[in-house]
Amino acid sequence: MSYYTSVNFYDLLEVDPRAGQADVHAAYLRQLDLVSGNSLATYGLFVGEDVISIRQRLEEALHVLSDPERRRAYDLRMFNHSFVSPDARADTHAARPAAPAAHADGREARAGAVTEVPAPEPAEADAAPKAPAQHPPHAPHVDLHHIDGPSLRAVRERRGLTLEAISARTKIAQYYLQYIEEERFARLPPVLYLRAYLKQYAQALGIDPERTVNEYLKRREAAQSHQV
Amino acid sequence: MKPLHLSEAQTGDDRQREIWAIGSGKGGTGKSFVTTSVALSLVKLGKKVILVDADLGCANLHTCLGMHPVSQSLSDFMSGRVASLADVLVPTPYPGLKLISGAHDMLDIANPTHSRKSALMKALDELEFDYLLLDLGAGTAFNTLDFFLAAHKAILVVVPEPTAIENAYRFIKSVYFRYMRAVSKELKLRQLVEEAMDPKNQRGVHSVHDLIEVLAAADPAVGRRLREDINAMRVRLVVNQVRTVDDLTLGFAMRSSVEKYFGIRMDYSGYVEYDDVVWKAARAHQTVMHEYPYSSPARCVDRLTRNLMTNQQIELESVVTNR
Numbered sequence: 002m003s004y005y006t007s008v009n010f011y012d013l014l015e016v017d018p019r020a021g022q023a024d025v026h027a028a029y030l031r032q033l034d035l036v037s038g039n040s041l042a043t044y045g046l047f048v049g050e051d052v053i054s055i056r057q058r059l060e061e062a063l064h065v066l067s068d069p070e071r072r073r074a075y076d077l078r079m080f081n082h083s084f085v086s087p088d089a090r091a092d093t094h095a096a097r098p099a100a101p102a103a104h105a106d107g108r109e110a111r112a113g114a115v116t117e118v119p120a121p122e123p124a125e126a127d128a129a130p131k132a133p134a135q136h137p138p139h140a141p142h143v144d145l146h147h148i149d150g151p152s153l154r155a156v157r158e159r160r161g162l163t164l165e166a167i168s169a170r171t172k173i174a175q176y177y178l179q180y181i182e183e184e185r186f187a188r189l190p191p192v193l194y195l196r197a198y199l200k201q202y203a204q205a206l207g208i209d210p211e212r213t214v215n216e217y218l219k220r221r222e223a224a225q226s227h228q229v
Numbered sequence: 002m003k004p005l006h007l008s009e010a011q012t013g014d015d016r017q018r019e020i021w022a023i024g025s026g027k028g029g030t031g032k033s034f035v036t037t038s039v040a041l042s043l044v045k046l047g048k049k050v051i052l053v054d055a056d057l058g059c060a061n062l063h064t065c066l067g068m069h070p071v072s073q074s075l076s077d078f079m080s081g082r083v084a085s086l087a088d089v090l091v092p093t094p095y096p097g098l099k100l101i102s103g104a105h106d107m108l109d110i111a112n113p114t115h116s117r118k119s120a121l122m123k124a125l126d127e128l129e130f131d132y133l134l135l136d137l138g139a140g141t142a143f144n145t146l147d148f149f150l151a152a153h154k155a156i157l158v159v160v161p162e163p164t165a166i167e168n169a170y171r172f173i174k175s176v177y178f179r180y181m182r183a184v185s186k187e188l189k190l191r192q193l194v195e196e197a198m199d200p201k202n203q204r205g206v207h208s209v210h211d212l213i214e215v216l217a218a219a220d221p222a223v224g225r226r227l228r229e230d231i232n233a234m235r236v237r238l239v240v241n242q243v244r245t246v247d248d249l250t251l252g253f254a255m256r257s258s259v260e261k262y263f264g265i266r267m268d269y270s271g272y273v274e275y276d277d278v279v280w281k282a283a284r285a286h287q288t289v290m291h292e293y294p295y296s297s298p299a300r301c302v303d304r305l306t307r308n309l310m311t312n313q314q315i316e317l318e319s320v321v322t323n324r
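As given, the protein sequences belong to chains A and B, one line each in that order. For the first sequence, the numbering used here puts the final residue at 229, and the numbers step up evenly by one. For the second sequence, the numbering used here puts the final residue at 324, and the numbers step up evenly by one.
Since the hints were derived computationally from the structure, they do not count as laboratory data. Since the structure is predicted, the reported quantities are computational estimates derived from the model, not experimental observations. Some hints could be false.
[What the hints assert, rightly or not] List time: in silico EDC-like cross-link candidates among lysine to aspartate or glutamate, alpha-carbon distance up to 16 Å: (1) B/Lys201 / A/Asp51; (2) B/Lys201 / A/Glu50; (3) A/Lys200 / A/Glu182.
Turn these sequences into a full structure, and let the hints guide you.
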């Protein structure tokens, strides 16, 4: 029939392949709403029985993507590797960082959902399931044993966030975020401002702000004393 | 001679020269208001603009510009009374903007032959302009569809009402099916297209995507060409008379649905907020762009115009954060 039946589930729901459960569900409801018959946007668009098969397809997408096991199998079949589905663990195994090895498919990588109030040791929780073997080859491996520009970038990318999105959320100019990631210290603002930027950036990524500020500023200091 | 503005000097020889066609599935969507406002917005940017009232049969763009009926019109050219289109080009009260008035009260002109239409498009292309805006008649008459297809950019105006949306989809489908019919030179293919135009057709062909598949099965070469062409084409959507955030986000939902169901590309180029100044200006034979340049409709039109010029779209994020 149409692209509704031929595109992959992510394109069908218009979500990022790394989207969490909540986003998948919201996207499903949004698409379902569009084909419900009450939607102004699609008034008179669908012909005949097409709308039935589109709805079936949407349900199928939700059925697969809302279940971590099914989703992983689907990812592997469609893309040859599994995407990290960040907050999948939050649904089924809330806060059990002690046993990450039991879920070797990457869904233990709990993420960006915690933007406002970081958990007591969020960086630890984040760092816990990082043994490289547990991750599919394409999912960026993040080492939060130390925090520096590249590791901030790696966390951001694993969250599926663009600099633009972080900038929109934190109101920090995109180029500053980029300089932070690239560790172009000379171009960064004075410490007072940088501290605030790092804190906000860390919060947006869901990692420990205090640790981020301390470790990053140390790196900056080290680099500068090295230069002199 | 043009005054040598900095912007003109900078753009130099590679300045854009485009024909934009503006259509709508039904009347009353404010298509003529949008067209004249975009034209005035372009003029404000120092562009040389020609407005063509191609609503053959019910022309009234002159009124939208606060002008009296113009004696020379497209009908003089179409009937051969004047040799050149330049003879029916009239100045407007707005420097930089010229008008070709429509063929009013000439019912026989409303359905020109194909050769007459080609001659008109060629003559239009030979005029001197940066942007030429074709205000098409509402609906899916063949000549409207043909002008829509012949333009560089095809702009579709809707309002957030079921009837307008429904007819917009009918319009889009008609445009693409008409195009596929034109490309399908062979009788066999042409019959497939005509069959598909019937919504209750036996093959279950409802969308552009479906029809391409059917044609590709009959003739792979034609199928390939259609896929390429249609991938390169896009309809640019304008939502007029926006009153709520839901009205505004309608464009995103339409774009998403039409792309997935029809298999065509749509840009959500802009929206125009509803405001009484539009009605006030019309009553007073004024233009919103000049009398109320800081009103929300005028600012929306300026943004729309920029988006159309640069192939940009409304960003969902900018809308959500304003919510």
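Here is what the structure says about each hint:
Note on B/Lys201 and A/Asp51: the hinted pairing holds, with a Cα-Cα distance of about 12 Å set against a maximum of 16 Å. At most 16 Å may separate the alpha-carbon atoms for a hinted pair to count; B/Lys201 and A/Glu50 meet this at roughly 11 Å. Of the pairs offered as hints, the one joining A/Lys200 and A/Glu182 holds, with about 14 Å between alpha carbons and a cut-off of 16 Å not exceeded.
Violated hints: none; the structure is consistent with every hint.
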